[in-house]
Amino acid sequence: MSAERTPLLQVEGVSLSFGGLACLSALDLVVDEGEIVSVIGPNGAGKTSLFNVITGVYPPDKGRILLEGSSLLGLDPHQIARRGVARTFQTLRLFLNMTVKENVMAAAYGHTKAGVVRSVLRTPGMRREEREIERLAEERLGFFGDRLVGYRWRQPAYSLSYANRRRLEIARATAARPKLLLLDEPAAGMNPVETHEITELIGRLRDEGGYTILVIEHDMHVVEGISDRVVALDHGVKIAEGSFDAVATDPRVVEAYLGTSGSERT
Amino acid sequence: MDWDKLVQLLVNGVTLGSVYALVALGFSMVYGILKLLNLAHGDVLMVGAFIGWGVLGWLGGAQDPSVAVWILIVLMVLGAMVGCGFLGVAIERFAYRPLRRAPRIAPLISALGVSLFIQNSVLLLFGANFRSYESFDLVDVEVGVHWGPLNVWILRIVVFVSAAAMMIALWLLVSRTKLGKAMRATAFDREAAAMMGIDVDRVIVKTFFIGSALAGAAGVLVGLVFGSINHFMGFNYGLKGFTAAVVGGIGSIPGAMFGGLFIGLAEALSVGYIEDVTFGRLGSAFSDLVVFLILVAFMLLRPQGIFGKPDVKKV
Amino acid sequence: MSTQPPEQKQGEPAEQPRIGIDEWVASAAERRSRTLAGRFEEAYERAPPALKLVALALPFAIFPLFVDSDYLLQVGVDTLIFVLLALGLNVAAGWVGLLDLGFVAFFGLGAYLYAAVASPYAGRHWEAELAIPAIAVAVAAAGFLLGSTSRRLVGDYLAIVTLFFLQLWLVVMVNASFTRGPNGISDIYPLEFFGREVVSLEGYYYVTFAAFVLVVAFLYLLNRSRTGRAWRAIREDELAAELMTMPVNRLKLMAFAVGAGIAGVAGALYAPAQGAVFPLNFDIVLLITIYAMVVLGGAGSIFGVTVGAVLINASLEALSEPDDASWVFYVAGVGAILVLLRRPRWAGAAIVGGTVVFGFVVHELAERWRPSLVEGSTFGTARVDELVDSWVLLPEGIITQDGLPDGATGKLAFLGLVAAVLALTLIRSPLWRAVGLVPVLYLAACVWENLLLAQPATARFILIGAMLVGLMAFRPQGLFGQQRVEVV
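Chains as they are written, first to last, in our numbering: chain A, 1 to 266; chain B, 267 to 581; chain C, 582 to 1069.
Everything labelled a hint here was simulated from the structure, so no lab data went into it.
No residue lacks a Cβ here, since even glycine has one placed at the ideal position from N, Cα and C.
Hints are not guaranteed to be accurate.
Said to hold, decoys possible - Under the rule of at most 30 Å between Cα atoms (straight-line distance), these lysine-lysine pairs were calculated in the DSSO-like manner: (1) K472/B with K992/C; (2) K444/B with K301/B; (3) K575/B with K62/A; (4) K472/B with K575/B; (5) K301/B with K271/B; (6) K575/B with K447/B; (7) K992/C with K113/A; (8) K444/B with K271/B; (9) K301/B with K472/B.
Unchecked claim - Per label pair, the in silico range of CB-to-CB distance: (10) F725/C with L567/B: 13 to 23 Å; (11) K633/C with S550/B: 45 to 55 Å; (12) W437/B with L21/A: 27 to 37 Å; (13) N395/B with F725/C: 37 to 47 Å; (14) L795/C with G125/A: 16 to 26 Å; (15) R568/B with Y162/A: 33 to 43 Å.
As the list claims (entries may be wrong) - Only part of the chain B face toward chain C is listed, based on derived beta-carbon distances under 8 Å: (16) F360; (17) L365; (18) S376; (19) G393; (20) F396; (21) A451; (22) F454.
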């Protein structure tokens, strides 16, 4: 771990409750640039709440969140997104009635400037931006091979298969030019072949795209295949952190998943 | 300090507020269950007012009623409640139910169509002239409570008491009966309620019936106290009722009651004092401005209303 | 069936059927080009924007050449104003999905502002090239302000706040002394562009037409930019849009402002064209009418909304003339039946034919057994009214002099018709629905001839209200809107 540079993401002492239910309790998490960190835990452990807090959907009751050293607290979600945090959703949230390409182009909003006047007058600057955005979208979609290219660009997003929708969501997130990519159960609902693809994909995202990735996953094969580090949560509390092997055999983690102190790794 | 005027304004406010509360109740109940703003609710009130007027005419009219006055009034209210209850059920069935899975603004636009349709149907059938309940012939204006500065016509008391009675009955229904429990469950989570064996459609129909019946009753009460009705009256009462529901906390029954009274009093006091307060700059017609500012203030500072809970979205 | 998706890009591998390539979706374009409507759609999409604008504008441009009456030209001007209003409402309600119920207040504000800068009452006369842009900006700012009261709130609350704003507008305009109350402001100065006054009706038509062209171009270009994309993304999923770097609140305010600005321009043209402004011109009935235009044409589509506005305004005009009203009713009615009942193809024609026969039978029976049922008359004076005189029942004494239903028969007939139509939607089996449709259609014609024609001004709004409800239930995308997939 490079201790010289500021970590990309620092979550310090973050707590979040809804009514009486504590979703996150004094959570600490550090993610360095270029890492792939998996967040695991049984349902209700607070994983998606963690993502929601980082992206600014809910303000934490206590604690700090720092991106490259500067605080994200109090910022609107779109400002946090512009600073370099993008995510996908556990239950897909695509712009279904827009075309595949438009879905990705839309996410490029934050890094462009053309306002109403320049858009309507079609200034050279605006036209250049539009070409850039389109090129970016095509490039991001091309990341997935042939699946989302060509005639697919013009298809409405609702015509895509489930797996393609997940891929599109990832492509859209990367179009927001993030530094930190949050993937919420990217392999959910995928068959073994697709799951294997996703595992490779996440690696490629880091290697080729340079993104730092935080992944929530239930599928342990995926977690094993991609993670530099694994963090386990249960009831809003971090119960283990380390390499995959260390965490997977940690008795507290096993107990959280299986309920008793089983000795077998699934 | 003109106590007579103040007392009179307070009485007006309570009367008006009772009506607004009844409208707000029906509106709030429907919103609680369906997350739907029933913009046609005000027109249901208007239809109730016309039904009441129809019953009045059918039973001899205000000058020469064929039954005792109090029975007449009860019949008018009941007739309006039943008629409007069914009207509300029809509106739900044909304008809103097909749109259960549509985006949120779809039923609102449909409601606009319903509103236009109902208003103009009444206009077609009854004409544009104001119709009068001739309530002063029905119940002499001197009959009432006269105690010190308090000069309350008995019909105003009737309005307040009947509104209060209906609200208490509703509160009991929602908190003590099985139907009430079903309503609360459906309002909380429609799918889960259905899976627990609650016939959600039935519950929704009953909610609309009750809510619309309350609006119908409110319409008759308006006719009795304020005398004249016409096809367009629903807009104003509907709007104030919606505001009252929002201010009190939408989806909450005590909220609707409280919101109604609050808005009614705010309006009555504004009508009475706005000219003085603004040194003649703004006339009493600008009481609506005061109510609007109250609404906006709540929207900005406490959108969940007085009794409401902040709406937390699950992402 | 072709396994090649059309429009291959250079350097892509040849498409074979394999995992990941959806043949059905890939051949969508080919299937579309097999239908006539599909080919039109394709040609439309491929056309350059300038050509589309010309195609849209052409009918309006040449309209005055085919019209020789002032009345029709005035209708043309009003229609263009309505088109502008529909286009403005489309921005917030169609593209972003915000329910702005105060929209006509901005229209009124624009009209009154013009009166405030160009009338003897105000004591000044600004030239139009200054007044109109200034008013557009001022009204847009008002829209911005109104929108900002609904910060971060669910669209439902926005509806109430904007509705109240409209109410407030009406109250202020009717009661405030500086607005001259219900009498409004009259003797408004005509438009003056660079020293030349616009005095003829044709002149106003072309000025409004120019505004229409500019607004359409403006909106089209805006839609095809990051702003338009962001607006549409907000309509799809507001939270996802916000998390994908789009500043949702600011974009919503912009939509409000742009829509309001367009309404303001419409108002600024309306005032001098009419010569006077009255506060009650800008009421909720107008608001619902504009919503009907947007919904009928297809929310979100510039072309659709324009068509919707033309159709509805033309119908409104025709329906208030006893000479023309019935044409609209029967043509639209028969047309709707033929279009909606297409499976099997002969179904529509059969229903219409069946209704005609049914009607004649009933009329004959009535003539024999109860002659008073056919001895009345209708208020309608169109040719088609004369034709149906021996087809519908025209009971005597059903209408008073003023056109109100006298006694219970008329009222019951109307209510019965409403109930029957609603009951029809509950019948599942298409056969029984068709059977039931015949007497209902006949009853509708009778109610039309007897009751509705007597009060055409009211009848047309009954029809619009019913149409709006029906559209939302059965075809929410209207005529030219996109059929949307919604996530619940």
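Here is what the structure says about each hint:
{"no.": "1", "hint": "K472/B with K992/C", "verdict": "holds, 28 Å"}
{"no.": "2", "hint": "K444/B with K301/B", "verdict": "holds, 22 Å"}
{"no.": "3", "hint": "K575/B with K62/A", "verdict": "holds, 22 Å"}
{"no.": "4", "hint": "K472/B with K575/B", "verdict": "holds, 25 Å"}
{"no.": "5", "hint": "K301/B with K271/B", "verdict": "violated, 41 Å"}
{"no.": "6", "hint": "K575/B with K447/B", "verdict": "holds, 19 Å"}
{"no.": "7", "hint": "K992/C with K113/A", "verdict": "violated, 61 Å"}
{"no.": "8", "hint": "K444/B with K271/B", "verdict": "violated, 46 Å"}
{"no.": "9", "hint": "K301/B with K472/B", "verdict": "holds, 16 Å"}
{"no.": "10", "hint": "F725/C with L567/B: 13 to 23 Å", "verdict": "holds, 20 Å"}
{"no.": "11", "hint": "K633/C with S550/B: 45 to 55 Å", "verdict": "holds, 53 Å"}
{"no.": "12", "hint": "W437/B with L21/A: 27 to 37 Å", "verdict": "holds, 29 Å"}
{"no.": "13", "hint": "N395/B with F725/C: 37 to 47 Å", "verdict": "holds, 42 Å"}
{"no.": "14", "hint": "L795/C with G125/A: 16 to 26 Å", "verdict": "holds, 22 Å"}
{"no.": "15", "hint": "R568/B with Y162/A: 33 to 43 Å", "verdict": "holds, 42 Å"}
{"no.": "16", "hint": "F360", "verdict": "holds, 5 Å"}
{"no.": "17", "hint": "L365", "verdict": "holds, 6 Å"}
{"no.": "18", "hint": "S376", "verdict": "holds, 4 Å"}
{"no.": "19", "hint": "G393", "verdict": "holds, 5 Å"}
{"no.": "20", "hint": "F396", "verdict": "violated, 14 Å"}
{"no.": "21", "hint": "A451", "verdict": "violated, 19 Å"}
{"no.": "22", "hint": "F454", "verdict": "violated, 17 Å"}
Hint compliance for this structure: hints 5, 7, 8, 20, 21 and 22 are not met, and every other hint is.
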